[in-house]
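Chains as they are written, first to last, in our numbering: chain E, 1 to 299; chain W, 300 to 721.
Please keep in mind that the hints were generated in silico from the structure rather than gathered at the bench.
Wrong hints could be hidden among the right ones.
[What the hints assert, rightly or not] With the C-beta cut set under 8 Å, the calculated list includes, among others, these residues of chain W facing chain E:
| id | residue |
| --- | --- |
| 1 | GLN377 |
| 2 | ASP585 |
| 3 | ALA689 |
| 4 | SER701 |
Note that this is a predicted model, so its numbers are computed, not measured.
Cβ atoms here follow ideal geometry from the backbone N, Cα and C, with glycine treated the same way.
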Amino acid sequence: MPPSGPLARPAARGRLARQRARTAYLLLAPALVFFALMFFYPIGAELTTSAFTGVRADEFVGFGNYTRALTDPAARHAFLVTLRFAVGVVVVSLVLGIAAAMILNQRLRGRLVFRGILLVPYLTSVAIVGLLWRNILDPELGILNRLLGSAGLPEQNWLNEHPVATIVAIAVWQDIGYATLLFIAGLQGIPETYYEAARVDGATPWQRFRHVTLPLLVPTTVFVSVIGTITALQQFALPYLVTDGGPGDASDLYVFRVYETAFGFRDFGYASALSYLLLIVILALSIVQLRAGRRDHGA
Amino acid sequence: MHLSRRNLLRLGAAAATAGPLMTACSRAPEPATSNPGTFTLYTNAGHAYEAWKQVVAQFEKDHDVTVSWQKFQWPDLQTKLQTDFAAGTTADLVEQPGGSATVGLAVSGDVRALDDYIAKDGKALGYPDDWQAAAVDSWRHEGKIYGIQMALTCNLLFYNKQMLSQAGLTAPPDNWDDFLAAAKALTKGDVYGFAPNQDYTYSHPWLLQNGVRYFNPDGKQLLTPSPAALEALQFQADLVHKHKVAPVPTASNDYSGPQKLFSAKRAAMIITGPWDLKPIREGSPDIELGLALPLRKTARATNLAGAGFFIPAKSGKPDLAWDLLKRIVSLETQLKVSKEAGLTAPRKSWAESTEIKSDPVMKAVADALPFAAPFDAGLPATGKKAEVDAAYKTLYQEVMVSKKPVQAAVTSFVDAAKRAIG
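Chain E with its partners taken away, still in its complex shape (with noise of 0.2 Å):
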């Protein structure tokens, strides 16, 4: 006879929880399929990769690609450029993503419109974008010394004289409309009820920004960051598309030298250890940023 009453009823719970998850996973399943084949596996593979190295990649090493990568000059200036790269993206994203959402939260007649258009470059195509710029700013034949001459400006050769600045500039004129869009969110979501209370409390423009408003966008500038480092360190169409990592290897970022490694020196072995060293940077440079940010949240 089964249990009646009180009894039964953790019972009853337990086999409803069990038939829950069955579900859950059952729905879950084509989603952990997926990732299984397209992500963990080729992760898995390539760690295996990196052990060997040669054309074939079957020439065992263990740990040498990686003992390799540590003092190989070319992958440590490719770094060195990338993470140059990146403080640049990440920071100007920061600053002018702030600057704009404050400007398109006000109530300006427009301000849709101008929202709109700030997110175009970031809708348009890595290799538009890249051919774009790299016509522009063509010394030669590009339209902007054009009009610079025109206007009786010097002419500029930023592609030459400063090729990661140039990159840093046009990955960040593609980005900022969602960095900003980012903000703006985060912006409307600050209870105005803040700034009410500090205006009683005689705080000027810039009081109530530094104290209500930027503390308050700590979550967003976290996720801005975090979103905004690990795809600067990830970085291959622009310097491709723009400057092919010169002059010389100026502008060679990371990943330009990991494609080359695996394409061009046919070194997939080599190519696989300086994925998973860049892997272990990313992931150790976003837990810094999120702690650091959770700490600053918190405070």
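Position chain W against the provided structure of chain E, taking the given hints into account.
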């Protein structure tokens, strides 16, 4: 975290399911040629000539196959090939930008040697006797031939006849001194006497003209003799930075900058090859184009360029591939392609044909071809050509664009190249 027995069993079941799944995934796919009715052909994206379309159509008809003709830009084709080789898939016939790129693949066993086919059909095809010697040698590795040259081109001097005439020059320059004098005379306002290319391969003719060897397998020496290499690189840098008769080339993956300046009448002379004929003629039909022999310093020389075909080692249809290759490199097809697109060919009979001799532009290229030599001879066999070329690209752009002292740039290059070669 506590792991119950039930959860442990679940994890075990999941692992048991995932294991074979991953094994199945890790197995290389069947070769692309496994479909008996399909033949896969890779060519350059710009080489979809009408003459080739006719050849392919007849080939499909004769062998009852469908040709899957896939077209790529050169860099993308190299990426595609590396991916194919890594995955175990392959095309049946592949176009390559020259023999040296193919020898690099032959070193790793990815290319089929063609000697058995050549022994059987070479005489009827005219191979190798009807081919320029350099166009045969560049496809050779350890005594075997790994591909057939289809187009043979070289860099030579393109000049604007009207501009030279207006500057009082009655003939194009013949040597470096003449060239510098002409460039100075032609530079006025925003017009440059010469426009150098940012692509490092365009610097090769200068080095060859000064007797420089890029790679010497004996002792694995690079850029020798060194004083001649320094002089050739310094001469090019001086055109830009000292004499200011040429613009600073802009680093990019586009080699068409000088052609665009020439077409826009912003440059009076460029060093390029027949691949720039079409854009110049179409973009600026009013330009009176002149082609001159490669320049001379210690020797008149230029670098060998062009394209050819190889059969991948894993091709499932090598006999068909050889048949299509023979049709593409036949004299009849090559003359049609020359007429259609200005492509120049490696056959001696092509250079001697009345069609070519009666075309002044084609004749100029044909006259220059005997001076062409491969710049990277011996290097592809090391399997490290890509690394050395990447280091040379850095050297060239640092000298030409960033004004790095030539001696320091060459030292950095030699160090990097020696590290790669070992």
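Against the structure, the hints come out as follows:
Hint on GLN377 of chain W holds. Least Cβ distance to chain E is approximately 7 Å, under the 8 Å limit. At a threshold of 8 Å, the smallest CB-CB gap from ASP585 of chain W to chain E is about 19 Å, leaving the interface hint violated. For ALA689 of chain W, the interface hint holds, since its Cβ comes within 8 Å of a Cβ in chain E; the closest pair sits about 7 Å apart. For the restraint placing SER701 of chain W at the interface with chain E, the shortest Cβ-Cβ distance is roughly 5 Å, inside the 8 Å limit, so the hint holds.
Consistency with the previously given hints fails for number 2 only.
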